[in-house]
Structure formats: C-alpha cells, structure tokens
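**Student:** For reference, each letter of the sequence shown is one residue, going 1 to 319 in the UniProt record's numbering.
Calculated from the structure, these hints are not laboratory results. All figures in this text were calculated on a predicted structure; none of them were measured in a lab. A hint or two may mislead.
The calculated SDA-like cross-link candidates involving lysine to any residue, where the alpha carbons are at most 20 Å apart (straight line), are [unchecked claim]:
hint	residue 1	residue 2
1	Lys6	Arg27
2	Lys261	Arg213
3	Lys261	Ala225
4	Lys261	Arg289
5	Lys6	Glu103
6	Lys261	Gly188
7	Lys261	Arg204
8	Lys261	Trp319
9	Lys261	Gly162
10	Lys261	Thr233
11	Lys261	Pro307
12	Lys6	Thr78
13	Lys6	Ser54
14	Lys6	Thr33
15	Lys261	Ala234
16	Lys261	Leu221
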Amino acid sequence: METSAKHRLYDAAARCSPDPHWADPARVIGAATQALADGLDSPALRELAGSHPSTRIRDLRTLLATALDELSIPRPDTSVPGQTIATYSRLPTDALRLEIVPERDGGTGHELLVYVNDLEITEAGAGMGMTPFDLLVPTNRLIATTEPRQVVVARCTCGESGCGSTEARITRAGSVVHWEWYVDPPLGHGVTFDAPQYDAEVERIGADQSWQRPVDSVTRLVLEAADRELLATAGLRLSWAAQDHRDPQQFLVALVAEAEKFQVFLRFSMDEPTRLAEHILQTLRQPPRRWRATYHSMVVGRRGRPPMAGWRWRTEDAW
C-alpha cells in the first residue's frame, strides 16, 4: 500500500495513547525520526526526534501534536472509526489471527482467541476468549460491514461477559477494516486491518468445525436451524443450548420469556448428534404448552407461572 510520509506520521499519532499505561516513548520518537528521514521537517518534529526515551509521554504527545500543526496534518479524532479525517486514517498495518482452543481455566467448553500482530488481545483485555457460539453461530459476528457493529470479543476469566468484557466496534471502510476498543481495552489505540486478509481469516474460522465434539455439533445445528420468529410469537427467545453440566447424559436448551422475566429449560436425553438436534428442533416447533419444561423466575421470591406454560411445566425455584 502506497502511503505518504505525512500519512505515516498521522498513523503514528493515531496510535499514540495518552494513557501512561500504554505509553511507548521509543515508538513516538522513532516515528519522528523516520518522518525526518522521509523528508518532513519542522521545529517540533526535530525536537521530538531528539528527545530521550525517558521523556514523559504527555510531553512527547504535545510535541507530536505541535509537529502535526506545523506540517498541516490534522490531529487524529478518536471518535471516528479508524480515526479518519479527510484523506487521513489509521493505516492497515495490523494482522488478525483467530484460534479456537479448549477453555484454559479447566472448563469443558472452548474459547475463541483473538490475536492482533501475535498479541493475544483476549487475555490482554478482559482475560478470556468468548465461546465460538457467541461469535460464530448462528451468524459470524466478526464479519465487517460498512455499518459499525459493536461485538464482545473477550470476557472475564470467571466466564461471564457481564462481569468484565472487551468490546470491539468493527467497521469496514473501503479496503480496510477498523476495530475500536471499548470497556476493557487490550491496547491503547484501535487497530486497522487490510480487508482481504481480515475477510479470509474471519471466513476461515467461521468454516472451521474441527474443534466441535458431538455435543457441540448438536448446539450448532440447533442454534442455526431454530425458528426464532416462531418462538417470539410465544414470547420466548432462544438463549443457549449445551450439555447439562449437572447431568452430562442430558442436553439442555435454555429460553427466556423476557417480558415476564422467566427462564425456561428443556432437557433431552443424549443421542446421535443429527438425530438429537432434529428431536430438539421438532420440539421447539410445537406449541410451548405441549412441552415438558421447567422454569425459573428471574424475580427473586416471585410465585407464578409463565403465561405460555402447559400442565407439564414445573418450577425450579425453591420459594
């Protein structure tokens, strides 16, 4: 990709975080030195290039901002995807790699690790990768579109994204893809990928089923084929589907009645994956009143039953 010296200096400024935690004085000074070598020149740029690496990042950023002004280069705007201003934006110098591994905390599931330039940002951020089903099934949420999409890409090591998370706002802009960080950032600046490399990696991980155990295949088949619109007519939303951790011989499907604040659970005996998935899907296509289900009130101490409950529904609440 052909870039100008000014654009490369702009990119360096866009990646210079004001947070001392992410400070990299040597990188800022190196960018100024390279800009001089590339033919740019200004008083502040020369002073910045001659600065000592122990100089406070705040002072280096002030010199960098002054140099941009002297060279008629706009200052990066962190509120815009890719910090784009006019013809300037972050350069696509980052590379994405995705990997699905067994949960490293000893759990029974899998996590999707995200690497940017070989830095595992899932660990550097909230601490743990999301489950592949959170990001890839039924749709691949990492696919970049021109409409910005905010995606949770890492969760707390306790396993819950509600406890802590790293979120990326993913935006396609022509031949590049931008990620901006939110909540628990793994880096002090956003990252930008070459779109063809990004698309190929996202497509590859989305098509990879080598990690799936038979029970994972059931989960995928159910999440991909469940008729969510039909469930919505009954006031239900499919939440998740997985092996019951309390009884490995059972497969558990969880739904939520959001308006009434109930969780609803269906349990099925384990079977061959395709046959079990079809049994589950057939059940979900039936009116909920015909199900054999259990439910749990999301309001502590509340008695009562979900309005769609049939005579074979039983509560799991102790009260």
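**Student:** For each hint, tell me whether it holds in the structure or not.
**Tutor:** Hint check:
1. Distance hint between Lys6 and Arg27 is fulfilled; the C-alpha atoms sit about 16 Å from each other, no more than 20 Å.
2. Between the alpha carbons of Lys261 and Arg213 the distance comes to roughly 32 Å, so the proposed pair goes past 20 Å and is violated.
3. Restraint check for Lys261 and Ala225: the C-alpha separation of about 25 Å exceeds 20 Å, so the hint is violated.
4. Between Lys261 and Arg289 the alpha-carbon distance is near 18 Å, which keeps this suggested pair within the 20 Å criterion.
5. A distance of roughly 44 Å separates the Cα atoms of Lys6 and Glu103; the hinted pair therefore is violated under the 20 Å criterion.
6. A hinted pair counts as satisfied when its Cα atoms are at most 20 Å apart, and Lys261 with Gly188 does not qualify at roughly 39 Å.
7. Restraint check for Lys261 and Arg204: the C-alpha separation of about 38 Å exceeds 20 Å, so the hint is violated.
8. Among the hinted pairs, Lys261 with Trp319 is consistent with the structure: their alpha-carbon atoms are about 16 Å apart, no more than 20 Å.
9. This hinted pair checks out: Lys261 and Gly162 have alpha carbons roughly 18 Å apart, not beyond 20 Å.
10. Distance check on the hinted pair: Lys261 and Thr233 sit about 16 Å apart at the alpha-carbon level, within 20 Å; holds.
11. Proposed proximity of Lys261 and Pro307 is supported: the alpha carbons are some 11 Å apart, at most 20 Å.
12. Our distance criterion of 20 Å between C-alpha atoms is met by Lys6 and Thr78, whose separation comes to about 18 Å.
13. For a cut-off of 20 Å, the pair hint linking Lys6 to Ser54 is broken: about 26 Å separates their Cα positions.
14. Of the pairs offered as hints, the one joining Lys6 and Thr33 holds, with about 13 Å between alpha carbons and a cut-off of 20 Å not exceeded.
15. Of the supplied pair hints, the one linking Lys261 and Ala234 holds, its CA atoms being roughly 14 Å apart against a limit of 20 Å.
16. Of the supplied pair hints, the one linking Lys261 and Leu221 is violated, its CA atoms being roughly 27 Å apart against a limit of 20 Å.
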